[in-house]
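Position chain B against the provided structure of chain A, taking the given hints into account.
Number of protein chains: 2
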Amino acid sequence: MTIVVQKYGGTSLSTTKRIKEVTERILEEKRKGNQVVVVVSAMGSSTDSLVEMSKDVSSHPDPREMDMLLSTGEQVTSSLVALALRDQGADALSLTGEQAGIHTEETFGDASISFIDTPKIKVHLDENKIVVVAGFQGVSEKGEICTLGRGGSDTTAASLAAELHADRCEIFTDVEGVFTADPRVVKEAKKIPELTYKQMQDLADMGAGVVHPRAVLYAYRNNVPLFVRSSFDQQEGTRIDHFREQTNVTGIAVEKDLTCVTIIGKEKTNLSEEASAMIKIIEAAGIAIRRALIIEDRYSFSFIIQSKELKQTYSLLQGRPWISKVSYENRAAVSIVFSHERLANVSNRLGRILMTKRDRADIIFHSPRVWRIIVPEYELALTAQLLHDAFIEKPNLSISL
Amino acid sequence: MTIVVQKYGGTSLSTTKRIKEVTERILEEKRKGNQVVVVVSAMGSSTDSLVEMSKDVSSHPDPREMDMLLSTGEQVTSSLVALALRDQGADALSLTGEQAGIHTEETFGDASISFIDTPKIKVHLDENKIVVVAGFQGVSEKGEICTLGRGGSDTTAASLAAELHADRCEIFTDVEGVFTADPRVVKEAKKIPELTYKQMQDLADMGAGVVHPRAVLYAYRNNVPLFVRSSFDQQEGTRIDHFREQTNVTGIAVEKDLTCVTIIGKEKTNLSEEASAMIKIIEAAGIAIRRALIIEDRYSFSFIIQSKELKQTYSLLQGRPWISKVSYENRAAVSIVFSHERLANVSNRLGRILMTKRDRADIIFHSPRVWRIIVPEYELALTAQLLHDAFIEKPNLSISL
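Taken in order, these protein sequences are the chains called A and B.
Each step along the first sequence adds one to the number in the UniProt record's numbering, with nothing skipped, and position 283 is 283.
Each step along the second sequence adds one to the number in the UniProt record's numbering, with nothing skipped, and position 128 is 128.
Incorrect hints may appear among the rest.
Because identical chains share one entry, a pair is satisfied inside a single copy or across any pair of copies.
Restricting the straight-line Cα-Cα distance to at most 20 Å, the calculated cross-link-like pairs of lysine-lysine (PhoX-like) are [claimed, not checked]:
#	residue 1	residue 2
1	Lys129	Lys142
2	Lys191	Lys311
3	Lys55	Lys17
4	Lys268	Lys32
5	Lys187	Lys394
6	Lys190	Lys129
7	Lys120	Lys142
8	Lys280	Lys187
9	Lys280	Lys308
10	Lys122	Lys142
11	Lys190	Lys325
Note that these hints are calculated values from the structure, not bench results.
The structure displayed is predicted, hence computed values, not measured ones.
Extracted from the complex, chain A is given alone in its bound form (with noise of 0.2 Å):
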């Protein structure tokens, strides 16, 4: 029997409302003689609020007990979407991600699923329920909760099409599917129809947040099609499978929220040590460094976080002696994100893109098939236009230039 497996984010869910609504669309694909499994976020803003409190009563907050915490969240949400299946006549039930065999590293707040102990699905899929997982989760071999980070849902729901041999893993959000750009920033973008694993894993990696790398990567090892769908209306959206690559570009993905953190040494030393020795502790500490580190000069250096690490960051870099001075300033990323490895002269033909219109810009080589441009946050819709314009509006010429 076919098996599908649909991921509802936190927009989707976000009230009982909603959760009611959600409920049509899931007994619609029972309907069809499926068997369903569904994954579910946390209501809404509910995961923010727990976020909240937490700092209220620590300034540190352990992660093992922020995963007790937050991952409250989904299995609230998987036992309302349950009452409100068996509220339509339907057999549903809820499973935490323990219950559903969802194993994990022990890794708090980041962990990996190790495994999955299938037949703990399987057997009420048998008994024709609906299952209703609680995304984000799983277990380690010690007992204890582990959350999979922020997106961890559409992982949740990847790996589950996966390790079930599902026939697709939907995931409804509260956009149509994937654009050429992010809709809120460039007014012209369109949806892409098509797209292949590889295409929006790099788009997914320079922050189009419509669906987690992780998941795609899940996917895309598996051979599992991938839908991103809006759960508000009936369209198509987006698939993700193994297409014969189209275009010559991809899209525009941006990131905001980053911050470009910038440190002056004491004296005119060279810090090129102290700059890879810092960054080492960064990353220690579980903060990415945005894919950006900028030698201004040798006396001081640049890198990109994103700015909810700034706190974290700022500790890490009190006391040292060799700091004169830190300092902070907003920035966002556009990526332009190819299709095929594209190397040859590219770097010059986005300067003049961006010269037409602005004095600096700070081009990255991310990969073959990426690159990226830092700029302050508020030329981020000036900069993802100019490359939308250029590239995938006017393909032809920016390919020309």
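Only chain B this time, still in chain A's reference frame:
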């Protein structure tokens, strides 16, 4: 080493500010050199919010799903308390019911504890950690989350205290201890410094909500001294232990929010068979008949339930061909709890006390130690006051009646 179990209720943990205050008291106990197990309820009204959401999506919420939903409330508090303790430098961790080794029968919504796998907690206590257990919940043999019913955190605390051979079990609440009557109803009510388990159980059974009757039973069976204390001040509270009973009357217990359901038959036929069949159906649905089946005459009968179960009761009465009319009236119960068995002439004495102010009272013999008076809700305070005055304030006078 001495083990102390402390239980904190919802009002003691209603805000993150209150959680931090409670932390201080836990640390005080730890500083005495004791091993400390903390059992927590859900924060303030969070359980009610979860129940509200379940009603939004379901007209007849499934008990299994309700347990999945409601058990999250205690899990949230347990992690927040552990976070607050760790913030103060203490080594603390939270445990779900399952992680604490609390195994239950699989009766959703009202499970009883079948056994406690104590090494699961002891391993942490032996590492000198403060263990914070999510109350009100356990896990069935099949891995299903089961709640122990309202007030269930008391049961968690008392049974953990029993199984861990704790020195004592402290129930922290928002009142200073057990009173001769509910001080919100009877102004003159006095705190009782010492009670026997039996006295406490009679009071709790009759609605004194300060501690759950099941918890008293666990403590009694395992000889664990139980303390009821306020988390808002440093007073001694009430000690419940194996005392020799000193007083004649333990106290007055009140129970609000009751409904008297009266059923009138269609014809002038004897309803006694239908009445007992109907009571069986209602009890089989998990609704407790609050110990009063009043056969008014042979053509009608009445019984008393908790008002919150009225809706479900009503649906069970629907479509019975022999029923002509069903009516409902708000009721409350005032119970007088004797410290010894007293049978002779109590009904008459009670009647004479009550008749001074009232026209009618339904006086029910509940047990050789408990008499129960059913009154309209608006007469609750007057009745409690009359009995308190007669039996507690002027006991010699009442005995001589």
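Against the structure, the hints come out as follows:
no., hint, verdict
1, Lys129 / Lys142, "between (29 Å within a copy, 17 Å between copies)"
2, Lys191 / Lys311, "neither (37 Å within a copy, 50 Å between copies)"
3, Lys55 / Lys17, "between (30 Å within a copy, 11 Å between copies)"
4, Lys268 / Lys32, "neither (71 Å within a copy, 55 Å between copies)"
5, Lys187 / Lys394, "within (15 Å within a copy, 83 Å between copies)"
6, Lys190 / Lys129, "neither (38 Å within a copy, 56 Å between copies)"
7, Lys120 / Lys142, "both (18 Å within a copy, 11 Å between copies)"
8, Lys280 / Lys187, "neither (40 Å within a copy, 66 Å between copies)"
9, Lys280 / Lys308, "within (19 Å within a copy, 60 Å between copies)"
10, Lys122 / Lys142, "between (24 Å within a copy, 15 Å between copies)"
11, Lys190 / Lys325, "neither (44 Å within a copy, 65 Å between copies)"
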